[in-house]
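Residue numbers (this note's numbering): 144 to 595.
Everything labelled a hint here was simulated from the structure, so no lab data went into it.
Source: prediction; values computed, not measured.
Glycine included, each C-beta is placed from N, C-alpha and C at the ideal position.
Mixed in with the good hints there might be a few duds.
Quick list of the computed label-pair ranges, beta carbon to beta carbon [claimed, not checked]:
1) R263 <-> T215: 20 to 26 Å
2) S370 <-> M317: 33 to 39 Å
3) D376 <-> A169: 36 to 42 Å
4) L180 <-> H271: 27 to 33 Å
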Amino acid sequence: MRAARDLLRFLTPRTLRGRLSLVALATAAVLMAVLTLAFNAVAQQRLQHQADDELRTRAAAVATTIDTTGTTVRVMESSHDNLLDTNVWIYAGPRLLEAPPGTASPLTHVADRLAAHPGRVCVTSTSHGPFRLCALPVAGGHSEATVIAALDLSPYRSSADTLLLGSLALDAVMLASTYALTRLAVGRALRPVRAMTDQAAQWSAVASAERFGSKGHPVELTRLGTSLDSLLDRIRTLLRHEQQLTGELSHELRTPLSRIIAELDWWQSRPRTADQTRATHQVITDAAVSMRTICDTLLGDARDGSPDTPGTAESLTVLRRLAETSCPPAHLTIVVDGSCPTVGVAPALLERIVSPLLANACRYARAGVTVRVHDTSDGVRIEVTDDGPGVPPPFVPHLFEPGRRADPGDGHSGAGLGLPLARRLARSADGDLRFDRRHTAGARFVVCLPAG
144 MRAARDLLRF LTPRTLRGRL SLVALATAAV LMAVLTLAFN AVAQQRLQHQ ADDELRTRAA
204 AVATTIDTTG TTVRVMESSH DNLLDTNVWI YAGPRLLEAP PGTASPLTHV ADRLAAHPGR
264 VCVTSTSHGP FRLCALPVAG GHSEATVIAA LDLSPYRSSA DTLLLGSLAL DAVMLASTYA
324 LTRLAVGRAL RPVRAMTDQA AQWSAVASAE RFGSKGHPVE LTRLGTSLDS LLDRIRTLLR
384 HEQQLTGELS HELRTPLSRI IAELDWWQSR PRTADQTRAT HQVITDAAVS MRTICDTLLG
444 DARDGSPDTP GTAESLTVLR RLAETSCPPA HLTIVVDGSC PTVGVAPALL ERIVSPLLAN
504 ACRYARAGVT VRVHDTSDGV RIEVTDDGPG VPPPFVPHLF EPGRRADPGD GHSGAGLGLP
564 LARRLARSAD GDLRFDRRHT AGARFVVCLP AG
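Let's have the full structure, built from the sequences with the hints guiding it.
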């Protein structure tokens, strides 16, 4: 049983075109087999009726030469007696009066049996070749006779065999034509599917924005195009998230990596004491821990769109630590004040939200940066304000778009990813980040987070 299943699986075509062609071929084969059997059965029946009609006609012609008006049955001679006597038997009751000359005895035995049971009966005998025998009773005044005529069925059988062979040949031609036309039709029908598949593979590889749409396609191809469009949208979204995560990681890891490189360069530039070496090691350790925290925070947010654990953080403590590690220019002063409310997010997440704001403020401020935190009716509000040139009004609508900068040639490094990342993390913690348009002397960003 298993071998039969394996053989069937091996013989089944692998392509949809081959399978549809095979189904069409099997369906056509079953239909043609039924039609061929029905046609040949009807043809054989029709040929048999023709043979019976011919036999009854001959028997009726012979019956006109029989006289049954007297007490005995008499056979009268006619001008075509030899033609009429060919394969004809005449009986008076069960007694044989005339038989065709040189007729084989098996046919005479069949004729005897037909005469013993008078009536319009036809039988087929195969004992001495295929013969058809029909009996015709001849009623008279005082006596009865029976005429039995026989006919060789070989020509009829030959005609039936010829019809069968012809129908089988026609079936073979029709099946071959059906298979070829089905493969051609299915191939042409599936050509748009192959084209759509190739296009989808190409578009997914380059994250193209092109789509198939639903215009100018049959219903089936429209459904396929819709499914492929949805798949391409998901692929493009995944690629965009992957690019965003890569950019955010590189953006956030750049600062601690710079600290590590700076400490190593400083430590290698001249001999250092043991205390200086330990201080360098501590800075490198802190930077490495910060890198690990950054990776854990961003990967956790990318995994399910929310922090791993809500947590709480003492806002003033976290903000002062960020201010100490932001490395502002010598002329810049960072002021952190507030009432030290507890924020309902983990300290690492709070650092990742505020750090880009503080870094931008330190980058563009002229003399000072102010960080204020206080309670509100619906949570905790953190304001980061600088006295720099501010944000150009035309650029404000694009402020939180990834990769956008107001002036890429302003001499400051940056990839335009910090603010979008900060807003995304704030919103993932059920908070928000916005730009305060009413503040004109510099720039002010406001972070709203749930209370702890």
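Consistency of the hints with the structure:
no.: 1; hint: R263 <-> T215: 20 to 26 Å; result: holds (24 Å)
no.: 2; hint: S370 <-> M317: 33 to 39 Å; result: holds (37 Å)
no.: 3; hint: D376 <-> A169: 36 to 42 Å; result: holds (40 Å)
no.: 4; hint: L180 <-> H271: 27 to 33 Å; result: holds (29 Å)
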